[in-house]
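S.K.: Take a look at the letters that make up each chain.
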Amino acid sequence: MKTNPGRFFEDYRVGETIRHAVPRTLLGGEKALYHALYPARHAVHSSDDFAARCGLAGPFDDLITFHTVFGKTVPDISLNAIANLGYAEGRWRRPVYPGDTLTATSEVIGLKQNSNGNSGVVWVRTTGRNQRSEAVLDYVRWVMVRKGDTGAPAPETVVPELSAVVAPETLSVPNGLTFDGYDFELAGEPHRWRDYTIGEKIDHVDRVTIEEAEHMMATRLWQNTAKVHFDATNREDGKRLIYGGHVISLARALSFNGLANVQLLAGLNGGSHAAPCFAGDTISAWSEVLDKVETGVPGVGALRLRLVAQKAEAEPFGLKGEDGKYAPGVLLDLDYWGLIPT
Amino acid sequence: MKTNPGRFFEDYRVGETIRHAVPRTLLGGEKALYHALYPARHAVHSSDDFAARCGLAGPFDDLITFHTVFGKTVPDISLNAIANLGYAEGRWRRPVYPGDTLTATSEVIGLKQNSNGNSGVVWVRTTGRNQRSEAVLDYVRWVMVRKGDTGAPAPETVVPELSAVVAPETLSVPNGLTFDGYDFELAGEPHRWRDYTIGEKIDHVDRVTIEEAEHMMATRLWQNTAKVHFDATNREDGKRLIYGGHVISLARALSFNGLANVQLLAGLNGGSHAAPCFAGDTISAWSEVLDKVETGVPGVGALRLRLVAQKAEAEPFGLKGEDGKYAPGVLLDLDYWGLIPT
Amino acid sequence: MKTNPGRFFEDYRVGETIRHAVPRTLLGGEKALYHALYPARHAVHSSDDFAARCGLAGPFDDLITFHTVFGKTVPDISLNAIANLGYAEGRWRRPVYPGDTLTATSEVIGLKQNSNGNSGVVWVRTTGRNQRSEAVLDYVRWVMVRKGDTGAPAPETVVPELSAVVAPETLSVPNGLTFDGYDFELAGEPHRWRDYTIGEKIDHVDRVTIEEAEHMMATRLWQNTAKVHFDATNREDGKRLIYGGHVISLARALSFNGLANVQLLAGLNGGSHAAPCFAGDTISAWSEVLDKVETGVPGVGALRLRLVAQKAEAEPFGLKGEDGKYAPGVLLDLDYWGLIPT
Numbered sequence: 110m111k112t113n114p115g116r117f118f119e120d121y122r123v124g125e126t127i128r129h130a131v132p133r134t135l136l137g138g139e140k141a142l143y144h145a146l147y148p149a150r151h152a153v154h155s156s157d158d159f160a161a162r163c164g165l166a167g168p169f170d171d172l173i174t175f176h177t178v179f180g181k182t183v184p185d186i187s188l189n190a191i192a193n194l195g196y197a198e199g200r201w202r203r204p205v206y207p208g209d210t211l212t213a214t215s216e217v218i219g220l221k222q223n224s225n226g227n228s229g230v231v232w233v234r235t236t237g238r239n240q241r242s243e244a245v246l247d248y249v250r251w252v253m254v255r256k257g258d259t260g261a262p263a264p265e266t267v268v269p270e271l272s273a274v275v276a277p278e279t280l281s282v283p284n285g286l287t288f289d290g291y292d293f294e295l296a297g298e299p300h301r302w303r304d305y306t307i308g309e310k311i312d313h314v315d316r317v318t319i320e321e322a323e324h325m326m327a328t329r330l331w332q333n334t335a336k337v338h339f340d341a342t343n344r345e346d347g348k349r350l351i352y353g354g355h356v357i358s359l360a361r362a363l364s365f366n367g368l369a370n371v372q373l374l375a376g377l378n379g380g381s382h383a384a385p386c387f388a389g390d391t392i393s394a395w396s397e398v399l400d401k402v403e404t405g406v407p408g409v410g411a412l413r414l415r416l417v418a419q420k421a422e423a424e425p426f427g428l429k430g431e432d433g434k435y436a437p438g439v440l441l442d443l444d445y446w447g448l449i450p451t
Numbered sequence: 110m111k112t113n114p115g116r117f118f119e120d121y122r123v124g125e126t127i128r129h130a131v132p133r134t135l136l137g138g139e140k141a142l143y144h145a146l147y148p149a150r151h152a153v154h155s156s157d158d159f160a161a162r163c164g165l166a167g168p169f170d171d172l173i174t175f176h177t178v179f180g181k182t183v184p185d186i187s188l189n190a191i192a193n194l195g196y197a198e199g200r201w202r203r204p205v206y207p208g209d210t211l212t213a214t215s216e217v218i219g220l221k222q223n224s225n226g227n228s229g230v231v232w233v234r235t236t237g238r239n240q241r242s243e244a245v246l247d248y249v250r251w252v253m254v255r256k257g258d259t260g261a262p263a264p265e266t267v268v269p270e271l272s273a274v275v276a277p278e279t280l281s282v283p284n285g286l287t288f289d290g291y292d293f294e295l296a297g298e299p300h301r302w303r304d305y306t307i308g309e310k311i312d313h314v315d316r317v318t319i320e321e322a323e324h325m326m327a328t329r330l331w332q333n334t335a336k337v338h339f340d341a342t343n344r345e346d347g348k349r350l351i352y353g354g355h356v357i358s359l360a361r362a363l364s365f366n367g368l369a370n371v372q373l374l375a376g377l378n379g380g381s382h383a384a385p386c387f388a389g390d391t392i393s394a395w396s397e398v399l400d401k402v403e404t405g406v407p408g409v410g411a412l413r414l415r416l417v418a419q420k421a422e423a424e425p426f427g428l429k430g431e432d433g434k435y436a437p438g439v440l441l442d443l444d445y446w447g448l449i450p451t
Numbered sequence: 110m111k112t113n114p115g116r117f118f119e120d121y122r123v124g125e126t127i128r129h130a131v132p133r134t135l136l137g138g139e140k141a142l143y144h145a146l147y148p149a150r151h152a153v154h155s156s157d158d159f160a161a162r163c164g165l166a167g168p169f170d171d172l173i174t175f176h177t178v179f180g181k182t183v184p185d186i187s188l189n190a191i192a193n194l195g196y197a198e199g200r201w202r203r204p205v206y207p208g209d210t211l212t213a214t215s216e217v218i219g220l221k222q223n224s225n226g227n228s229g230v231v232w233v234r235t236t237g238r239n240q241r242s243e244a245v246l247d248y249v250r251w252v253m254v255r256k257g258d259t260g261a262p263a264p265e266t267v268v269p270e271l272s273a274v275v276a277p278e279t280l281s282v283p284n285g286l287t288f289d290g291y292d293f294e295l296a297g298e299p300h301r302w303r304d305y306t307i308g309e310k311i312d313h314v315d316r317v318t319i320e321e322a323e324h325m326m327a328t329r330l331w332q333n334t335a336k337v338h339f340d341a342t343n344r345e346d347g348k349r350l351i352y353g354g355h356v357i358s359l360a361r362a363l364s365f366n367g368l369a370n371v372q373l374l375a376g377l378n379g380g381s382h383a384a385p386c387f388a389g390d391t392i393s394a395w396s397e398v399l400d401k402v403e404t405g406v407p408g409v410g411a412l413r414l415r416l417v418a419q420k421a422e423a424e425p426f427g428l429k430g431e432d433g434k435y436a437p438g439v440l441l442d443l444d445y446w447g448l449i450p451t
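Chains as they are written, first to last, in this note's numbering: chain A, 110 to 451; chain B, 110 to 451; chain C, 110 to 451.
Okay, chain A solo, but in the shape it has when bound:
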């Protein structure tokens, strides 16, 4: 048997480190493609000139880093996954630049067999590194994975303790980043860190209807190989499930309208893919300011934001029902730290 059937629940051991295959060089064409796939306009990633005035040499959008690292993990972590359950403790450590080559490893940090005996939850801490072995991103993800052999014994249950929020003092501000001389007019909006208040909600107004070709091209670009995204014969209903990361990128791009100056992502506190998304869905997005702190770097503030993507027909700001469940039409509930001029 020369093909990779993927790992099953019983194939993971707490403490083992999986070295994911196929390093990827992001040569630069990904920038154009990212702009073609998402309505991205954040100035640091749109303009090398603008980035240079912020002390950065034309970095990739932080979500390109996330998707590329995530894609590496799919064949080892989520090929037989039933569900992607959550994210925690994500930190963008260092920007990625055209020409950088990314690799990824994952350490298994938790295992818990489900009571049905057919599946279990696997927690991994994934680290993406550049060609100099410098960490560019790490995050915890947990997924529910099928058992291959339901008779395999249950492992000792280990549930990692995870922070509900990345402590803001542990966020990495890229070396050299400065918002002195930041041009708000050129960036697209006047609103700065001090203009946002905790609890404030912003409807990002714009909407995008998704096509099959777009989400498949995006998902392939990150070498994410999960069958459900590409193979219309995989599900009984003949639908192709859209990669949750596609919805993240779409919502983040839409958030420009109201959060144009949140230029960089620094922390991923958590995230739920609340419902499946399919081609033909029209997506809107809104954000809520959950917290705000200053970073150690003068002029650089951090906003903790909830970013919600939902179907156009869903109520704006109607996140959950009285039963505590996500309201119909809510697709994504993402909790992150972003960097913005104070």
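Some hints here could point you the wrong way.
Heads up, the list lumps identical chains together, so a pair's fine if it works in one copy or across two of them.
The list that follows gives simulated cross-link-like pairs (lysine to aspartate or glutamate, DMTMM-like), each with its CA atoms no further than 20 angstroms apart [claimed, not checked]:
| hint | residue 1 | residue 2 |
| --- | --- | --- |
| 1 | Lys111 | Asp400 |
| 2 | Lys221 | Glu119 |
| 3 | Lys111 | Asp312 |
| 4 | Lys336 | Asp312 |
| 5 | Lys310 | Glu397 |
| 6 | Lys111 | Glu345 |
| 7 | Lys434 | Glu422 |
| 8 | Lys348 | Asp258 |
These aren't lab readings, by the way, just hints derived from the structure by calculation.
Given chain A, work out where chains B and C should sit, using these hints.
M.R.: Okay, now just chains B and C, sitting in the frame of chain A:
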């Protein structure tokens, strides 16, 4: 309110200059994407080697410049536009190269409230500049814009005087451009400036059926944010209107077959988007030679061309009916100056 | 008449060399686009770092070379083709790198009018060259071409003698290629040359459903202008035929799962596009090891592989029926030499 509702008719003042947001670095991946989105084959933009022999260092297709500059203007000029009415006095001033960063400004040069009091026409002269603040393109565009407050007083009417045709002696021939040693066989056709006659019409033969994913990817690539192109819930009929510039690029690419040696665009005399275009439409194109002049540069001639895009089912060369209106199926009537070896 | 109607059968002469138009610079954005269009994961083309450790400076996927050269030939060879009949004697001579400019020429090496008098078979040997005029690829292709004037006299029949298999000792191993220090874990699979046996068959497991936008973008990227791929009004059934090369790239990418270490293509022995492919089809792939030889370069082995693409509903490994005809659902039967660590 942190999101941008766009400007309404009463928000414009004659004489003001609007500095558009979000500069854009065209790193180079746009070249591959442009070839994927359009059947482009003009040799100067297909081959850096061919371009070098013409004295140019691998410039972008002139329409990439146009779309990028146009895209910058959308949030300020046409977000609340009812119709894009026309173009005039467009000049490509200087080629754009991989690595260049473009910004755009628009001066309001005319205003005229409609008699219904609900909307008005806004004329702007837009200038695109590279990172050295050199003009790369300027053109006049006028759009019909909704009023936000119908009670706002009508501005003094100012209708700019616009040239019907860009005077050929004012066209910019790129520094260093030479067609000495031009290889017609490699360029794809033997026809040169002297082979075209005024009044000559050319059916470009090839046809392309447009998909939703393609026109949205193209339009996003230029950071054009107009809702009608992306949001299937925006129009009552559930259709997404195709960006007029997508039709321009498609028709220009199709025009290779008969105008392969018109390598560069120099002037935009005018243009009408005669009818809306939607995914599923199959587009054909034809051209008419309207005028021909020599430029000040030996060996470089200019053809004034009418480029018409229409649905496949429309009659070739049937531009307008006896009533002077565009014939059914005509989508685009563009009037431009192109440069070609004499 | 300024447009190119394409050549008809009577327009070819044995011995003539056709210099194809429109050179193409592959600047690098094609790498990102290729990964977006196909689930490509072979490490040499995914990572410049991995490639460097193999002695190569980040070459393009060999099929990018093939498609680019092939695309150049379409306006002169297959614009009026009824069918693409076969390939033979293909050799990748030299890798192509970002920044290279490709041109192509074809020598007519055979002609045979069909007995119906309306068409005939044309054999050409096509050579692709880089900007230093070094051959990067050559191959023989034969196509059935319509006659424009059925009264034109039949040419003398010349049927070239073609090798059934490219002699392995004539394959080009790229200068500097080394698999010493090859990292199998990073490449994605442990299987090396010595692990494959002649007659072994591998089901590549993964499947992809094709969209119109994807195959048209891919085919345009290679400047392939054949009408049938783009124009829904061209065929009576309103379908757009998918470029056979799109199916080749898709199948080759799928073959990663089982053949991850076959990093480079060296020879094209033959190939049949057994049935037309259309958008909406879900494609799977399998391979058969036809032969294995060592090359002159230590550590570099060659596998002769049959790569079959078929519709998802077709039987795995059911290539042909008892009647010798391709089984229903088989789309592609490709015979090539690939290079793999011994």
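S.K.: Which numbered conditions among the earlier hints are violated in the structure presented, ordered from lowest to highest?
M.R.: Hints 6 and 8 are the ones this structure does not satisfy, whereas the remaining hints hold.
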